[in-house]
Amino acid sequence: MLKVANVSVKHGAAVILSNISFSLQPGKTLAVVGESGAGKSTLIAAILGFLHPSGGKIAWAGASVRSCGPALVMQEPRSAFNPLLSLRRSVMEPVIAQNSEISKRRLNRLCEGLELPAEILNRRPQEVSIGQAQRVGILRALIAAPPLVLFDEPLSALDAVTQKHTAKLIADLQQEEGFAALIVTHDLGYAVAYADEIIVLKSGRIEEVATPTTFAQTPKSDYSRTLRDAAIALGALEASS
Amino acid sequence: MRQSLLNDTLTVSGLSVARSGRTILHPTSLEISPGDRIGLVGSSGSGKSTLGHALVDDFRAQGKRVTHVPQSPDEALDPLRSMAFQWREAEQALGLQPGSADQKTLFSTLNIEGSDLRRRPWGWSRGMQQRFVISMALMGTPDLIVLDEPTSALDPVVAAATMDLLDRHLGSGNIAMMLITHDLGLAARRVSRLMVMEDGRIVECASTKELLQRPQASASKALVAHRSWVELPC
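Chains A and B are the protein sequences, given in the same order. My numbering puts the first sequence at residues 1 to 241. My numbering puts the second sequence at residues 1 to 234.
For the record, the hints were derived by calculation from the structure and aren't laboratory data. Think of the CB as a built atom: it goes at the ideal place given N, C-alpha and C, for glycine as much as any other residue.
Here are the in silico distance ranges between beta carbons for each label pair: (1) His11/A x Thr105/B: 29 to 35 Å; (2) Gly21/B x Val15/A: 54 to 60 Å; (3) Ser16/B x Ala14/A: 50 to 56 Å; (4) Pro79/B x Asn82/A: 23 to 29 Å; (5) Lys220/A x Phe85/B: 43 to 49 Å; (6) Phe85/B x Thr213/A: 48 to 54 Å; (7) Asp196/A x Ala225/B: 24 to 30 Å; (8) Gly21/B x Thr211/A: 52 to 58 Å; (9) Arg65/B x Glu177/A: 51 to 57 Å; (10) Asn108/A x Gly21/B: 28 to 34 Å; (11) Gly63/B x Arg88/A: 47 to 53 Å; (12) Arg88/A x Ser20/B: 22 to 28 Å.
Chain B stretches covered by chain A per the calculated footprint, using a threshold of three residues with CB under 8 Å from any CB of chain A: (13) 40-50; (14) 145-154; (15) 159-165; (16) 181-188.
Pulled out of the complex, with its shape left as it was, chain B reads as follows:
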């Protein structure tokens, strides 16, 4: 099912997922180069999050360092552990010395500075939990960051600041990023390549510019047609 480690490119082939006898991700192969910015878009239930989870599991099994911001912070945070404990655990997982990650800058940009790290997740609001999980994903230099609807629980100002922080963090370095979202408008501004999913398959993969100008698959056409609510005159 998998092969990799030929070079720094992350590779999967024939990755599939079935649940209760039903195939929810059809055999999927893809390559992610260092520094790639990929948007995985599609409607609800198209298999985006399933592919994201499968990629995270597979790449980690290959020994790659992958950080993951799941759609819900519940999936990332242990309700019985303090936020400080979860931060230390993430540092250890990425091979960082305790306290070496730039928590202050990350928290400040994500607007959660001064929050009580002794509390457990349920002592924080959902939006704050989401930002905490994003900050953990940005603390090191993994091979790949997978972000599943990272801004869905955030207000627009914090969401935009988060995406800008992400852009700065990735810079022109080698960290690859996969942004999973139903929002083509968001993805279009942040990624160089788009993959469109429908019914558990990648039905189109193209550069962001190409796909926005000439979508081929019906799912891509629908997403492009519903990309934004209104256009503002310049």
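Isolated chain A, as found in the complex:
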């Protein structure tokens, strides 16, 4: 279980995250939503140990998060890869790092589910579209069956149809393999459709923790309501007639 307890992050005098606490069980999905600059990506960086919180504790099963071999899907698809390596080499890095092997069947299944022709993996990152690079990023994150996956805007470069297919693939795999998923997203429709719980962040603080139903229908805080209404105005959430 991922446990984040009273975590604060400061950058100079600026408070980026303030007293953040939550837990995430294996097999569950937690979505973190909020405005740009709310601290969502900083939270991911803190969980992975890329930066050190000024206070609080972050642990996976009582040990450091890094020790469990977490995976990350980065926000900028192309810059997530070494431009000098083929995508295949980059995709296999988590496997090599864990000294394990991956069956061809698993690779093919993931490629098929992500609608990635196998030959794409022979290319370099700059030779594929942004949408393809984003899906290769998801492939790399899931290839070694990690226990914890952190998704930072994982579907932002995909078209609407591919978004839905990809989200379903991730959910199906999660059901089979039981990984815990933390999804940072601006796409509130995605969060409501797939998360077990939603955290609303504003200016580095937790504004509300809600189930998807509560967030969509009866959000408690004013800011959550503003977010929900914005999602409806953008067509990300549809009110049925």
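For this one, chain A is given, so just place chain B on it according to the hints.
What follows is chain B alone, placed relative to chain A:
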């Protein structure tokens, strides 16, 4: 390839684009009337942005005033020039007096008020750059505004405010708008006519209501089926 200026209707016929010997936009003809609200939708790689770019170039060559919000602000902003310079340049391009555009209101609505215009684009975040480009597109009264995924880099609250600002700006006036997006849910709320693209062709064009209720082309059916993530009970 082109004809127009018969009246205020923007017209292109036989517009096509080829790159490296490959046709990426098949001959396309369309008319845009003053005040039209058109959504150009389709999957990634269907040719939406290519058609958008081709229309902007063609209409400008016809002497029409067209503003364009490209998908990436990198395409719109000169990295060597300050934001203030780019604002003045846009005013000049639209024939406006320097300082006459209502920068304060636009910046305030787009939540970039107080930003340092002396900086160059890379001194601003990507979302702020995107909003700056949108504000430049809204500063005058062009014949057509082409917006290519205008809200993709914005958070939901700012994105919704941006679309509302756009609605208010267009009002019931004569400025035509083409919204290019893969998101049918977004387009459905903002446009009166939808064009669906697939493999470099417009495969269906219908009123928004008609297309949502009775999509004909397979690409349209897929988009309608994947229109939103969830429906909320009223």
